Amino acid sequence: MRRFLYVLPVAVFAIMALFFLKGLTLNPRDIPSVLIDRPVPEMSLAPLPGRGESSGLGTENLKGRVSLVNIYGSWCISCVQEHPVLMEIKRRGDAPIHAVDWRDDPVLGAAWLKKNGDPYERVGIDPPPGRTAVDFGVTGAPESFIVDKAGVIRYKHVGPISMEIWTKTLLPIIRELEKR
Amino acid sequence: MKRLVVALLLLSTPALAVNPDEMLKDPAQEHRARELGKDLRCLVCQNQSIDDSDADLAKDLRVIVRERIAKGDSDEQVKKFVVDRYGDYVLLKPPFKVTTLALWLGPLALFLGGLWAVLAFYRRRPAAGTAPPPPPLSAEERRRLDTLLKESER
Amino acid sequence: MIAEIGHFALVLALCVALVQAVVPLMGARRGNMAWMNVAGPAATLQFLFIAIAFGALTNAYVTSDFSVMNVAQNSHTDKPMLYKVAGVWGNHEGSLLLWITILALFGFAVTLFGRNLPPGLKSRALAVQAMIAVGFLAFILLTSNPFARLDPPPVNGQGLNPMLQDPGLAFHPPFLYLGYVGFSMAFSFAIAALLEGRVDAAWARWVRPWTLAAWVFLTCGIILGSWWAYYTLGWGGWWYWDPVENASFMPWLAGTALLHSAIVVEKRDALKSWTILLAIIAFGLSLLGTFLVRSGVLTSVHAFATDPARGVFILLLLCTAVGGSLALYAARAPMMKMGGLFSPISREGALLLNNVLMATGAATVLLGTLYPLIADALNLGKVSVGPPFFNAVFLPLMAPMVLVMAAAPMLSWKRGDMAGVLGRLKFIAALALGTAMLVWFLQGGSAGPWWTAAGFALAVWLGLGTLWDMAERIGLFTRPANALSRAARLPNSAWGMLLAHFGLAVFIVGLTASSAWTTEHIQTQKVGETVQVGGYGVTLKGVEDVPGPNYTASRATFEISKDGKAIGVMQPEKRMYRQPPRPTTTAAIRSGITGDLYVVIGDPDPKAGPGGGWVTRLYFNPCIPWLWAGGLLLVVGGLISLADRRHRIGAPARAANAAAKA
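Protein chains in written order, with the numbering used here: chain A, 1 to 180; chain B, 1 to 154; chain C, 1 to 662.
Simulated from the structure, these hints should not be mistaken for laboratory data.
Note that the coordinates shown come from a computational prediction; the quantities given were computed from them, not determined experimentally.
Where is the CB? At the ideal position from N, CA and C, for every residue including glycine.
The reader is advised that the hints may include incorrect statements.
Stated by the list, open to error - Straight-line C-alpha distance at most 30 Å; calculated DSSO-like pairs for lysine-lysine:
id : chain 1 : residue 1 : chain 2 : residue 2
1  : B       : 79        : C       : 526
2  : B       : 25        : A       : 156
3  : C       : 267       : B       : 38
4  : B       : 38        : C       : 526
5  : C       : 382       : B       : 25
6  : A       : 156       : B       : 97
7  : A       : 156       : B       : 79
8  : B       : 97        : A       : 22
Claimed, not checked - The following label-pair restraints were derived from C-beta to C-beta distances:
id : chain 1 : residue 1 : chain 2 : residue 2 : range
9  : A       : 29        : C       : 552       : 27 to 35 Å
10 : B       : 83        : A       : 53        : 44 to 52 Å
11 : A       : 29        : C       : 316       : 22 to 30 Å
12 : A       : 14        : C       : 580       : 40 to 48 Å
13 : B       : 26        : A       : 29        : 32 to 40 Å
14 : B       : 147       : C       : 337       : 23 to 31 Å
15 : A       : 149       : C       : 150       : 54 to 62 Å
16 : B       : 147       : C       : 433       : 32 to 40 Å
17 : B       : 73        : A       : 30        : 54 to 62 Å
18 : A       : 14        : B       : 77        : 43 to 51 Å
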């Protein structure tokens with residue numbers, strides 16, 4: 001028994017060291033989404049000026065097809081980086097993309113689309129304090145969600161979408177969901 | 001994977017960030033909002049509560065928390081609202097669940113373990129005072145003892 | 001050129017350290033005096049080389065030599081000189097250089113002051129010290145070289161984070177490191193004892209002053225850091241249970257336990273293997289802190305460079321040093337002979353209880369700090385462990401300790417009379433309970449938290465109990481005529497203990513009152529408008545723009561009045577630094593015995609109407625100065641204890657002389 005007590009400290013330390021080793025491979029700031037496999041939040045967001053009266057985004061609009069919902073804002077620098085990829089996706093017709101203009105002035109949001117291109121079918125305005133974004137569990141922009149035909153969130157991608165991420169990760173999920 | 005987060009990842013946090021225009025009129029409700037704010041984590045910062053952070057997302061959450069309180073939600077309901085959207089990670093006081101049992105019961109277990117070790121330590125040895133008395137001192141030893149005692153403290 | 005000298009000096013230091021790590025150790029094994037005597041000069045040489053390197057880096061900062069990459073990344077010509085120097089250790093590479101400078105300094109100090117140390121112990125301890133140095137020197141030279149050059153050099157540097165440009169924070173790291181790294185001495189002595197195969201009362205005597213010195217520095221560093229947070233961060237908070245704060249608190253807890261258990265080793269020749277383990281743990285926790293801060297494994301406001309590659313290296317260092325020493329402990333410690341006996345109710349018993357509580361406290365903080373990592377690694381999900389957890393779990397653990405602390409110094413050695421001691425303290429117990437009721441009443445019953453009464457009761461119990469102990473020792477009430485001379489003859493270590501314990505009581509008052517009764521007023525204040533805070537009237541007189549060396553500030557002037565009479569002026573600032581562009585706030589604080597008036601100026605409010613208005617945050621923090629006073633008493637108590645004659649290693653020499661005369 002006494003022997004055991006003497007060995008205990010080094011044994012505990014060894015276990016701790018293993019955790020540290022694993023910890024070096026993890027990212028403590030990576031928070032997984034809790035909304036996966038849950039229905040899209042209730043929302044009925046107004047359209048941007050100049051895009052048409054009925055081009056806003058509501059929960060019902062997300063049913064019937066598999067779509068990508070992109071969170072952006074005119075203040076968001078990475079969104080500019082991501083945008084050409086979204087334009088290409090629209091050009092190819094891979095899947096419909098909708099957007100939530102997060103915590104933005106509608107005029108600025110619309111102007112940003114005119115300047116950078118408009119790949120979206122529907123865009124809804126989410127004014128401060130960004131209630132819809134919070135409902136989606138958004139922590140920054142850009143973030144994108146894959147929503148299936150029943151309006152259930154199936155995947156969340158944090159950060160800008162690159163062509164590689166689209167073809168290797170997101171598009172296969174969309175195709176899979178379309179089959180169901 | 002790099003992404004530009006909305007708010008700055010801060011080491012420098014200027015002041016406590018609650019602004020007068022965010023505060024609720026009813027002091028009791030505002031007090032509840034502040035207490036809740038202390039328990040909710042700012043998700044884009046390095047380890048701060050939403051009350052302490054200047055980040056935009058923290059401000060959004062502060063406003064939303066106050067909205068829910070004003071709508072009549074209880075403290076538990078407000079917490080559940082935020083946790084439903086962001087997960088347990090947003091609570092600075094970890095919930096008491098199966099996955100956090102080791103955390104919450106750990107300290108007590110450690111203390112009891114320590115006490116048990118101490119008890120084992122005492123039981124192992126013959127109690128002080130029951131050992132056979134030492135042989136009496138010789139004159140020489142007595143003199144040395146006196147010298148030493150003069151130099152020591154109480 | 002100078003930077004290259006610095007770099008070369010580090011390489012030389014590594015060579016010397018390698019020699020110092022091997023030769024004296026082998027010398028001690030074989031009883032070869034010549035080899036053992038290599039340790040002293042080697043430690044001196046090592047310190048010399050590392051000091052040269054440190055001087056070289058400091059020189060680069062002082063002269064703003066931007067061809068040195070480290071300086072370019074962290075400094076700027078506009079920075080005031082004090083912060084140019086503080087910038088030396090305000091970054092990852094420089095702070096590591098400070099680390100090993102202090103490590104070498106302690107080794108050098110043993111050479112200077114440890115002349116009476118038994119040669120086997122001294123050479124082994126210095127050898128272990130050198131092994132640690134080898135590890136860190138290798139880390140610096142291979143992954144974190146502060147002397148890397150930039151070609152072509154930039155015109156100016158990127159500047160130092162404005163938050164760090166502050167006198168309190170400039171001195172916080174050096175004190176912390178003197179503490180953390182100071183525990184390396186106790187560690188080295190412990191390993192030396194394990195290698196030698198024995199621990200005796202003399203060993204404890206050698207170890208205590210070094211541990212005490214490190215403890216004093218660490219306490220200073222932690223208090224400085226908390227004080228800095230208090231006046232800089234703008235809302236009166238001073239402790240956040242952030243992983244890096246915990247990384248400094250855990251060694252402190254272990255170090256305090258070590259100080260107390262070493263007493264039992266010295267007095268009773270007991271608890272030897274536990275004390276050795278504590279010495280290993282205290283320094284091990286310091287190393288762990290180094291790992292946590294620099295590896296990116298945990299999120300923290302304080303974290304340095306988060307680079308997993310460096311993390312692997314430090315993990316290796318950690319495993320070698322801590323894992324190796326704990327393995328040595330598992331092998332050697334059982335061979336140590338059991339020491340003297342004592343009853344559970346005795347001064348030794350109380351010290352043992354202190355140790356159990358402190359160790360559990362440290363383990364609890366460790367558990368909470370590491371739990372997010374553990375949960376993530378085991379796929380249990382992401383969880384946050386913040387202040388609510390630590391406050392709920394740690395404070396109740398400390399309460400029993402405070403309870404025992406008042407009575408413990410009055411218990412006799414070996415076999416104490418608890419009933420007797422409690423009898424002598426019953427008046428004080430009554431006072432404590434009375435205080436609890438008074439506090440509860442003054443607070444308005446359940447208008448405030450329930451624990452204020454308990455906190456004050458504990459503080460009164462500990463504070464008055466300590467004073468009573470002192471009164472008994474000098475016979476203040478039994479033989480008042482001799483009291484003063486008895487007081488003068490009380491050994492310093494007794495005074496140190498009394499001051500430190502009393503200081504803790506003062507600290508508890510500050511902690512309880514400020515946590516429970518801080519009042520806060522946030523509003524838009526118009527120029528000329530007065531707000532009542534904590535019994536003071538605070539009137540905003542105006543705000544003006546004031547340029548500084550590397551910033552522009554909005555400085556507000558507030559007039560403070562009490563009972564209608566003007567008693568002073570306070571001038572908080574809101575600064576915008578230029579390089580890097582960052583806003584900071586400088587609170588204005590007016591301290592008094594009852595508490596601090598704490599005034600912060602925020603942003604201007606355009607909707608305030610003519611004359612202008614500003615967002616202002618006004619706080620009254622009751623008894624906060626007691627917090628700092630308590631901390632100061634702890635430090636002073638430690639220093640007085642350190643000055644005790646019996647800690648001078650010459651003590652056995654005197655006894656030898658006295659025995660010769662007898």
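Do the hints match the structure? See the list:
At most 30 Å may separate the alpha-carbon atoms for a hinted pair to count; residue 79 of chain B and residue 526 of chain C exceed this at roughly 36 Å. At most 30 Å may separate the alpha-carbon atoms for a hinted pair to count; residue 25 of chain B and residue 156 of chain A exceed this at roughly 38 Å. Only pairs whose Cα atoms come within 30 Å are accepted, and residue 267 of chain C paired with residue 38 of chain B is rejected, the gap being roughly 47 Å. For the hint linking residue 38 of chain B to residue 526 of chain C, the alpha-carbon distance of about 29 Å falls within 30 Å, and the restraint holds.
Simply put, residue 382 of chain C and residue 25 of chain B have alpha-carbon atoms about 35 Å apart, too far for the 30 Å limit, and the pair is violated. Distance restraint check for residue 156 of chain A and residue 97 of chain B: the Cα-Cα separation of roughly 26 Å lies within the 30 Å cut-off, and the hinted pair is therefore satisfied. Taking the CA atoms of residue 156 of chain A and residue 79 of chain B, the gap is about 23 Å. The hint holds against a cut of 30 Å. About 23 Å separates the Cα atoms of residue 97 of chain B and residue 22 of chain A, which keeps this hinted pair within 30 Å; it holds.
Residue 29 of chain A and residue 552 of chain C have their C-beta atoms about 33 Å apart, which keeps the hinted 27 to 35 Å range intact. Range check, residue 83 of chain B to residue 53 of chain A: Cβ separation about 37 Å, and the 44 to 52 Å hint is violated. Roughly 25 Å separates the CB atoms of residue 29 of chain A and residue 316 of chain C, a value that falls within the hinted 22 to 30 Å. The beta-carbon spacing between residue 14 of chain A and residue 580 of chain C, approximately 42 Å, falls within the hinted interval of 40 to 48 Å.
About 36 Å separates the C-beta atoms of residue 26 of chain B and residue 29 of chain A, a value consistent with the hinted range of 32 to 40 Å. For the hinted restraint 23 to 31 Å between residue 147 of chain B and residue 337 of chain C, the CB-CB distance of approximately 27 Å keeps it satisfied. The hint said 54 to 62 Å for the Cβ distance between residue 149 of chain A and residue 150 of chain C, and at roughly 57 Å that hint holds. The hint said 32 to 40 Å for the Cβ distance between residue 147 of chain B and residue 433 of chain C, and at roughly 47 Å that hint is violated.
Checked against the given bound of 54 to 62 Å, the beta carbons of residue 73 of chain B and residue 30 of chain A, roughly 30 Å apart, lie outside it. Hint check: residue 14 of chain A to residue 77 of chain B, Cβ distance near 45 Å, so the stated range 43 to 51 Å holds.
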